[in-house]
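Enquirer: First to last, the sequence lines map onto chains R and P. Count the first sequence with our numbering and you get residues 1 to 112, in order. Count the second sequence with our numbering and you get residues 113 to 226, in order.
Some hints could be false.
List of simulated lysine to aspartate or glutamate pairs, DMTMM-like, C-alpha gap at most 25 Å [claimed, not checked]: (1) R:LYS70 to P:GLU156; (2) R:LYS99 to P:ASP198; (3) R:LYS26 to P:ASP169; (4) R:LYS99 to P:ASP168; (5) P:LYS190 to P:ASP169; (6) P:LYS190 to P:ASP168; (7) R:LYS99 to P:GLU174; (8) P:LYS180 to P:ASP198; (9) R:LYS99 to P:ASP169; (10) R:LYS26 to P:ASP168; (11) R:LYS99 to R:GLU55.
Don't read these hints as lab results, they were simulated from the structure.
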Amino acid sequence: SQQGEEDPQALSIQEGENATMNCSYKTSINNLQWYRQNSGRGLVHLILIRSNEREKHSGRLRVTLDTSKKSSSLLITASRAADTASYFCATVPTGGGNKLTFGTGTQLKVEL
Amino acid sequence: DAGVIQSPRHEVTEMGQEVTLRCKPISGHNSLFWYRQTMMRGLELLIYFNNNVPIDDSGMPEDRFSAKMPNASFSTLKIQPSEPRDSAVYFCASSQSGEAYGYTFGSGTRLTVV
Numbered sequence: 001s002q003q004g005e006e007d008p009q010a011l012s013i014q015e016g017e018n019a020t021m022n023c024s025y026k027t028s029i030n031n032l033q034w035y036r037q038n039s040g041r042g043l044v045h046l047i048l049i050r051s052n053e054r055e056k057h058s059g060r061l062r063v064t065l066d067t068s069k070k071s072s073s074l075l076i077t078a079s080r081a082a083d084t085a086s087y088f089c090a091t092v093p094t095g096g097g098n099k100l101t102f103g104t105g106t107q108l109k110v111e112l
Numbered sequence: 113d114a115g116v117i118q119s120p121r122h123e124v125t126e127m128g129q130e131v132t133l134r135c136k137p138i139s140g141h142n143s144l145f146w147y148r149q150t151m152m153r154g155l156e157l158l159i160y161f162n163n164n165v166p167i168d169d170s171g172m173p174e175d176r177f178s179a180k181m182p183n184a185s186f187s188t189l190k191i192q193p194s195e196p197r198d199s200a201v202y203f204c205a206s207s208q209s210g211e212a213y214g215y216t217f218g219s220g221t222r223l224t225v226v
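Assemble the whole structure, with the sequences as input and the hints as a guide.
Expert: Printed below as a string of structure tokens:
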């Protein structure tokens, strides 16, 4: 079953613009992770944010987490054509060990 | 490290045949996960192992699916008999145990059952 839902389902922007993707989830969590999937490839781990953290940065990525609203956002700044991919949020529920449940994904297209 | 290695990359088989998918996790990772990805249902966790022991197989669709991890460096997912609705991309992933680690995914096996 899907724990998270990403919004929007698809996003098309111009190179150099910022891209923001949102994720909502249903149960209490230990951490939330974001992954990227290029077409025909496996998923690549981008960033992990713990439930007691509110914001985290990694390069051009910024992730926020609001546990009261059960939501997270991923911001990619100064996007590049190479950022074109699907992006998934995934959650580890409280007491769920390290079992990840993935959301439905956002398809990002960055055009030149 | 070569990452998580899955084989084969593509498999086309006839309905009713047995299919075996293989996975070699990253050395030192003691958790291993099998996921299935389809357009309709997205990414579904089928089963996961900690230290070679199956922990949660509640996602395995039915008795036709079975998974084993005979040692820390090898796992198989078997479908017998296969059906057209099993067509999907099957991913293996591994991680260090504990809740604060991300997964490393293999490139997947694209299974087509005709």
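Enquirer: Taking only the CA atoms, is the gap from R:LYS99 to P:GLU174 under or equal to 25 Å?
Expert: holds (20 Å)
Enquirer: Starting from R:LYS99, check that the Cα of P:ASP168 is at most 25 Å away, please.
Expert: holds (9 Å)
Enquirer: Are P:LYS190 and P:ASP169 close enough, with their CA atoms no more than 25 Å apart?
Expert: Given that 25 Å is the threshold and the Cα spacing comes to 13 Å, the pair holds.
Enquirer: Within a Cα-Cα threshold of 25 Å, do R:LYS99 and P:ASP169 meet the stated pairing?
Expert: Between R:LYS99 and P:ASP169 the Cα gap is close to 11 Å, so the pair holds against 25 Å.
Enquirer: For a C-alpha distance cap of 25 Å, please report whether P:LYS190 and P:ASP168 respect it.
Expert: holds (16 Å)
Enquirer: Straight-line Cα separation of R:LYS26 and P:ASP168 no greater than 25 Å?
Expert: Since the Cα atoms of R:LYS26 and P:ASP168 sit roughly 20 Å apart, the hinted pair holds (cutoff 25 Å).
Enquirer: Regarding the pair R:LYS99 and P:ASP198, is the alpha-carbon distance no greater than 25 Å?
Expert: holds (23 Å)
Enquirer: Is the hinted pair R:LYS70 and P:GLU156 satisfied, with a Cα-Cα distance of at most 25 Å?
Expert: Holds: R:LYS70 and P:GLU156 sit about 21 Å apart, inside 25 Å.
Enquirer: Has the given pair, R:LYS99 with R:GLU55, been kept, meaning a C-alpha gap of at most 25 Å?
Expert: Given that 25 Å is the threshold and the Cα spacing comes to 22 Å, the pair holds.
Enquirer: Is the hinted pair P:LYS180 and P:ASP198 satisfied, with a Cα-Cα distance of at most 25 Å?
Expert: Within the cut-off at roughly 19 Å; holds.
Enquirer: Would the hint linking R:LYS26 and P:ASP169 be met if the CA-CA limit is 25 Å?
Expert: Holds, at roughly 22 Å.
The structure is consistent with each of the numbered hints, conforming to all of them.
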